[in-house]
Amino acid sequence: MSAEQTDRQPVEELKPPAASVGVLGWLRSNLFSTWYNSLLTLAVVYLLWVSVPPFVQWAFVESFWTASGKECLEADSGACWSIIPNNIRFIMFGFYPYQEQWRPGLAVVLLVGLLIFSQFRRNWKKSLLYYWLVGLVVMGILMKGGLGLAPVESTKWGGLPLTLLLSVFGLTAAYPLGIVLALGRQSRLPAIRSLCVVYIELIRGVPLISLLFMSSVVFPLFLPEGVTVNKILRAQVAIILFTAAYIAEVVRGGLQGMARGQYEAAESLGLNYYQTMRLIILPQALKIVIPPSVSILISAFKDTSLVVIIALYDLLKTTQAVLGNPEWMGFSAEAYIFIALVYFVCCYYLSSFSRKIERELDTGY
Amino acid sequence: MNSDVQTDFGNEAIEDPIIEISAMHKWFGEFHVLQDINLKVGRQERIVICGPSGSGKSTLIRCINRLEEHQRGQIVVDGIELTNNIKNIEKIRAEVGMVFQHFNLFPHLTIVDNLTLGPIWVRKVPRKEAEETAMHYLEKVRIAEQAKKYPGQLSGGQQQRVAIARSLCMAPKVMLFDEPTSALDPEMIKEVLDVMIDLAREGMTMIVVTHEMGFAKSVAHRVLFMDYGQIVEANNPEDFFNNPRHDRTKLFLSQIL
Ligand SMILES: Nc1ncnc2c1ncn2[C@@H]1O[C@H](COP(=O)(O)OP(=O)(O)OP(=O)(O)O)[C@@H](O)[C@H]1O
Ligand SMILES: [Mg+2]
Chain A
1 MSAEQTDRQP VEELKPPAAS VGVLGWLRSN LFSTWYNSLL TLAVVYLLWV
51 SVPPFVQWAF VESFWTASGK ECLEADSGAC WSIIPNNIRF IMFGFYPYQE
101 QWRPGLAVVL LVGLLIFSQF RRNWKKSLLY YWLVGLVVMG ILMKGGLGLA
151 PVESTKWGGL PLTLLLSVFG LTAAYPLGIV LALGRQSRLP AIRSLCVVYI
201 ELIRGVPLIS LLFMSSVVFP LFLPEGVTVN KILRAQVAII LFTAAYIAEV
251 VRGGLQGMAR GQYEAAESLG LNYYQTMRLI ILPQALKIVI PPSVSILISA
301 FKDTSLVVII ALYDLLKTTQ AVLGNPEWMG FSAEAYIFIA LVYFVCCYYL
351 SSFSRKIERE LDTGY
Chain B
1 MNSDVQTDFG NEAIEDPIIE ISAMHKWFGE FHVLQDINLK VGRQERIVIC
51 GPSGSGKSTL IRCINRLEEH QRGQIVVDGI ELTNNIKNIE KIRAEVGMVF
101 QHFNLFPHLT IVDNLTLGPI WVRKVPRKEA EETAMHYLEK VRIAEQAKKY
151 PGQLSGGQQQ RVAIARSLCM APKVMLFDEP TSALDPEMIK EVLDVMIDLA
201 REGMTMIVVT HEMGFAKSVA HRVLFMDYGQ IVEANNPEDF FNNPRHDRTK
251 LFLSQIL
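As they're listed, the protein sequences go chains A and B.
First residue of the first sequence: 1, per my numbering; consecutive thereafter.
First residue of the second sequence: 1, per my numbering; consecutive thereafter.
A hint or two may mislead.
[Said to hold, decoys possible] If you want the ones that stay clear, here's a sample from chain B, every Cβ over 10 Å from chain A, calculated:
#1 G10
#2 M24
#3 P52
#4 H136
[Unchecked claim] Listed next, with one range per pair, are the computed distances between beta-carbon atoms:
#5 R123(B) with L106(A): 43 to 53 Å
#6 F28(B) with V198(A): 27 to 37 Å
#7 V76(B) with F222(A): 48 to 58 Å
#8 T83(B) with V180(A): 26 to 36 Å
#9 E12(B) with I288(A): 45 to 55 Å
#10 R278(A) with D78(B): 22 to 32 Å
#11 K148(B) with A43(A): 50 to 60 Å
Simulated from the structure, these hints should not be mistaken for lab results.
All of these numbers come straight from a predicted model, not from anything done at the bench.
Each residue gets a CB set at the ideal place from its N, CA and C atoms; glycine is no exception.
Bound-form chain A, shown alone (with noise of 0.2 Å):
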């Protein structure tokens, strides 16, 4: 085969033709193919022509990077951005003690130390989980206090460790619950598979916001007078238990889709139930339902924001404190459009996190 291509002659040296290489060539194709693609290019030509240079204007030219709220105001022109400089550190940290802002900074800087170092195969290892448990007790302490460090009550933590410890550890116990309830859905026995469907329809027939309401206002109706459950606790648990019902059903449609084969080879082997899932089924279904789960965990990060209406501040309920703030009021386009930005940052992290893992994963099948 190879021998005979090398063999051959070529024809003649043919060249494209003008039309189709060099920039001409890539505007005909690509934006002026039809007419009806010409007229599409010309009409988005347009709008941005009349919606970026303004924005330039007022982001970058006329903004102001250092100024005081006053001044801002009086200026009235571009867009105010030392409204972020000068209030960081609330928004980050809400109502954390001023002196004490580097104990949740050191604690966010280790989850993310964590996170991108899991990200490498050549790490998945037992050690693994190790590193995990210290890092959480280290970050447990820092954020609580002892071992010398002042203690510091949970209803004063905010801002950007709490959204991302709401989101962490909710997707992290989501994920297994979510598995364990997908395994039950297809149980054998009628009891435990109706139990999870009832549970997986009845979490997904009802909003986020309205588990929140229920974790914090009627859920303590029903504790013993004088036991009180932790605030930020409750709403973790409603998080958890509703990021776990999507995950089930994606999960679950990973199951469906491995081939009865694999099953009979495992259990031909003499694996039993357990095995054949850990070590056969689970391994193959998770990677193919991975970016379905990353939509999920993506949509329930950002859906962390909700707690605000329990009163916890986070992320977004920090930015909308300082709004509230006289000096900076009237500024909260440049507050949301960084809110947004960070919210983005961290998304895309999470989704080039998962095409990654997929890349490791791949075995060609």
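On the provided structure of chain A, position chain B with the ligands as indicated by the hints.
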């Protein structure tokens, strides 16, 4: 039925069978897929099962390691009866190797890991020892150099040889083959059959569903013909191919030979 129809199918001669199936029936819903199956398999015996598509060949051998459940009659494997409340079905399955038409290798594991999985988790063999055994069998099926690859990177014939090696690593007492070569391109069939012939020489007990009549002639002690869920005829290969007794057997043989 004509008068010279067999009734014992050569079962009487078998002493100390490793598999004994008696008066076994199976239904899929209303469909009576296996009807009154009686079969004894001796130790080191090699049986080839053939028959038209849909006659129940796969279902029969899948009943032997209980990938399918039968509803009437008895199946005894190595002294243990397969019943509904059987506790140690995994134990029996570990003793009965199975090779599938579509290989069913585990695509997320390397070839070695495919082979060591069963020994490590079912037989509780230490990893190192399991890997040595795996390499031994990979050499035996002439594919040791592929050990670190993934199944998706191998040809069909290579995958099927890996699948055979995977079963052998469990040191089974019986090997079941369900049309092991019918999903393969012609040039790969021989490499798989050669491995199976080696296995036969070493005295493995084998039940093989196949339409490779050359293989049946040279390896089988008994050839069974199934049709409509019944064992219609069974005989040593020579008589089976040269003097088929039953009309349906004659028709079938005329179609495939
Ligand atoms: N899970 C099932 N549910 C219902 N019917 C089934 C099932 N599996 C097999 N059957 C039916 O049982 C009959 C026997 O199937 P089986 O696979 O045993 O045939 P076979 O002899 O192996 O055929 P082939 O040569 O095509 O593999 C077929 O008619 C098939 O449609
Ligand atoms: Mg079949």
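When the structure is checked against the list of hints, which entries are broken? Sort them ascending.
none
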